[in-house]
Amino acid sequence: MTISTAEPRTSSRPAVPSAVATTARVLGRRALQAAGVVLVVSTACFAIVQNLPGDIAFRIAAGRYGYDQVTAASADSVRAELGLDQPVWLQLMDWLAGLVSFDLGNSLVTGASVAGELGLHLASSLQLAAAALVLALIVGTTVGALAAARPGGLLDRLTTVWVSAARALPPFLLGLLLILLFSVHLGVLPAAGHGEANNIVLPAATLAVGLSGLFARVTRDAMAQIRQSDYVRFAATKGLGNWLVFLRHICRNTGVTLIAYVGVQVLVLIEGVVVVESLFAWPGLGHALVHAIFWRDIPMIQAAALALALMVVAMNTLVDLATAAVDPRPRHKEAVL
Amino acid sequence: MTNAVAMHELSPAPAQSANRPHWVAGRTKTQLISAALLAALAVFAIAGPLAWPDHALQDLSRFLEAPSAAEPLGRDHLGRSVIARLAHATQLSLVMAVLCVSAALLFGTLAGIAAAWRGGWVDSVLHGLSEVFIALPALLVVLVVSAIANGDLWTLCLGLALAQWVEYFRMVRARSGLLLAGPAVEAAGLLRLGPAHIMRRHLFPELRPLLSTMATFGVGSSILALSTLGFVGIGVRPPTPELGLMITEAFPYYHEAPWMALAPVLVLTTILIGLLGLRSKESRA
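Chains A and B supply the protein sequences, listed in that same order. So for the first sequence, this note's numbering puts the first residue at 2; every next one is plus one. So for the second sequence, this note's numbering puts the first residue at 89; every next one is plus one.
FYI, nobody ran anything at the bench for these hints, they're computed from the structure. Honestly, I wouldn't trust all of these hints.
[Claimed, not checked] As a list, the in silico SDA-like pairs of lysine to any residue whose alpha-carbon atoms are at most 25 Å apart:
no., chain 1, residue 1, chain 2, residue 2
1, B, LYS117, A, LYS239
2, B, LYS117, A, LEU155
3, B, LYS117, A, ALA146
4, B, LYS117, A, TRP90
5, B, LYS117, B, LEU279
6, B, LYS117, A, ARG158
7, B, LYS117, A, LEU159
8, B, LYS117, A, ARG249
9, B, LYS117, A, GLY154
10, A, LYS239, A, ARG249
11, A, LYS239, A, ALA146
All values derive from a computational prediction rather than experimental measurement.
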């Protein structure tokens with residue numbers, strides 16, 4: 002975490018750090034971040050438990066012995082047994098220790114193991130996020146490349162409008178619009194559901210519309226800039242064909258910018274996943290989190306929130322590693338913003 | 089040639105822009121239209137709740153009534169006046185968003201200046217904290233904080249502020265780090281002008297334009313986050329009108345009463361378009 006601020010000393014290192022060193026540095030920084038995320042989210046969930054109305058000991062006693070067996074004595078025995086009479090910070094330590102041993106507990110609503118349910122939710126969320134990201138990248142880069150070929154042209158101006166429209170139209174409104182259009186009026190795609198192949202189309206498209214506009218914009222700007230660079234002109238001068246210049250020089254250098262930008266948009270993607278899953282009843286982490294909050298199912302809140310936050314860290318790690326692999330130039334001072 | 093340019097710059101501004109009021113000059117057409125849209129919405133948010141004070145009054149015999157002169161937007165599925173609910177919801181959204189952004193702006197800026205000024209462990213702790221929060225999607229923070237307390241308005245506000253302070257912190261920390269190391273601040277330090285002078289004369293003028301741009305976008309994203317929370321059903325509690333909640337409630341009756349669903353959507357998009365337009369960086373007129 003402090004690596005980015007300790008840049009003067011790194012300049013005495015060899016000019017090109019080995020791939021292993023870069024990877025280790027990225028992983029170390031992200032691991033620290035992941036640990037911090039786990040600590041903050043878990044402490045917040047502990048605060049939810051502490052703030053629940055009523056005495057938690059009576060609730061647990063009711064759950065164990067049935068509502069007609071709850072007495073002050075049984076509640077007291079539960080309190081002593083589970084250490085609920087200890088000071089708050091000791092309870093927090095216990096709570097975190099349980100997390101470290103990967104004990105996520107059981108759902109308060111269904112009674113099933115949270116870890117088991119989490120696997121299913123994670124799989125469907127990843128499926129949705131990956132589909133949306135791939136769709137957005139394909140559409141965005143294609144449109145961006147075409148727009149960059151003719152700056153100021155019709156497609157270029159349309160992209161600008163598209164980006165503004167996508168920013169003014171939040172994902173849940175866009176999703177509603179798509180449902181109205183394709184499910185209610187045209188009747189070609191299902192509005193909700195999971196398991197059939199065409200169920201994923203609308204949720205993924207909802208997410209992809211906003212993202213692809215941004216990707217198109219970035220691709221267009223990067224490509225337009227690279228097309229004017231010296232090395233592209235040199236490549237054309239030495240006799241390379243248009244296609245080869247495009248593939249070897251323009252595409253690869255645009256990739257550097259684009260991959261870094263995907264990292265910036267990961268937060269937008271995950272927020273979108275939470276909203277879109279709730280809208281389309283897609284059984285992923287976001288849907289689970291919203292339901293768990295509605296029912297105050299704390300083990301599930303904790304697990305889903307942790308999984309979503311760690312998904313962000315994991316995706317950012319992949320982006321970091323991909324950037325280091327694509328562009329091995331040493332970066333002494335990383336951008337602070 | 090250079091003389092002519094200098095003379096042109098010295099001569100009074102052309103008559104056309106001299107006649108305009110100060111705040112109009114130098115704004116693009118998009119920005120003026122956006123400002124007008126936002127002003128109209130602000131008037132609606134202030135005057136609307138005064139004109140239609142009771143948003144919870146039900147008249148079940150008049151459910152889904154079509155718009156009329158007395159009820160410009162008709163009545164909803166519980167026979168409540170849609171325009172009264174819309175006015176209260178707009179007011180709530182705008183007030184909440186401004187409060188959240190102010191809180192985030194204040195805390196983020198102070199923390200950023202503290203980190204850049206003091207350095208050392210203050211910087212390490214705050215920077216470490218910001219590294220954690222930068223990995224948390226804003227919606228996730230708001231969702232979890234709203235679960236801590238049961239949908240009270242101030243918790244929602246706290247959650248939004250907690251989700252947003254990071255961007256202000258990181259920007260202010262980075263910028264003031266550069267500024268504080270500069271020769272101007274060094275000279276001010278040698279003259280013993282004091283920290284208040286440095287903040288007022290050296291940091292604030294540099295940070296203000298960036299902060300105001302970020303705050304404009306922050307208001308937009310706060311309104312969006314609030315309505316998203318209302319939309320998924322865990323935000324403001326139901327009897328209180330809220331834009332996202334109104335959209336969810338109206339959606340099942342889309343065929344019978346489309347105006348009921350379209351009105352909050354229209355208000356929401358107008359706010360967002362207005363805020364975007366206000367900050368558009370098109371070629372100046």
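For each hint, the structure was consulted:
no.: 1; hint: B/LYS117 with A/LYS239; verdict: 47 Å, violated
no.: 2; hint: B/LYS117 with A/LEU155; verdict: 22 Å, holds
no.: 3; hint: B/LYS117 with A/ALA146; verdict: 30 Å, violated
no.: 4; hint: B/LYS117 with A/TRP90; verdict: 58 Å, violated
no.: 5; hint: B/LYS117 with B/LEU279; verdict: 46 Å, violated
no.: 6; hint: B/LYS117 with A/ARG158; verdict: 18 Å, holds
no.: 7; hint: B/LYS117 with A/LEU159; verdict: 20 Å, holds
no.: 8; hint: B/LYS117 with A/ARG249; verdict: 43 Å, violated
no.: 9; hint: B/LYS117 with A/GLY154; verdict: 23 Å, holds
no.: 10; hint: A/LYS239 with A/ARG249; verdict: 14 Å, holds
no.: 11; hint: A/LYS239 with A/ALA146; verdict: 23 Å, holds
In this structure, the hints that do not hold are numbers 1, 3, 4, 5 and 8, in rising order.
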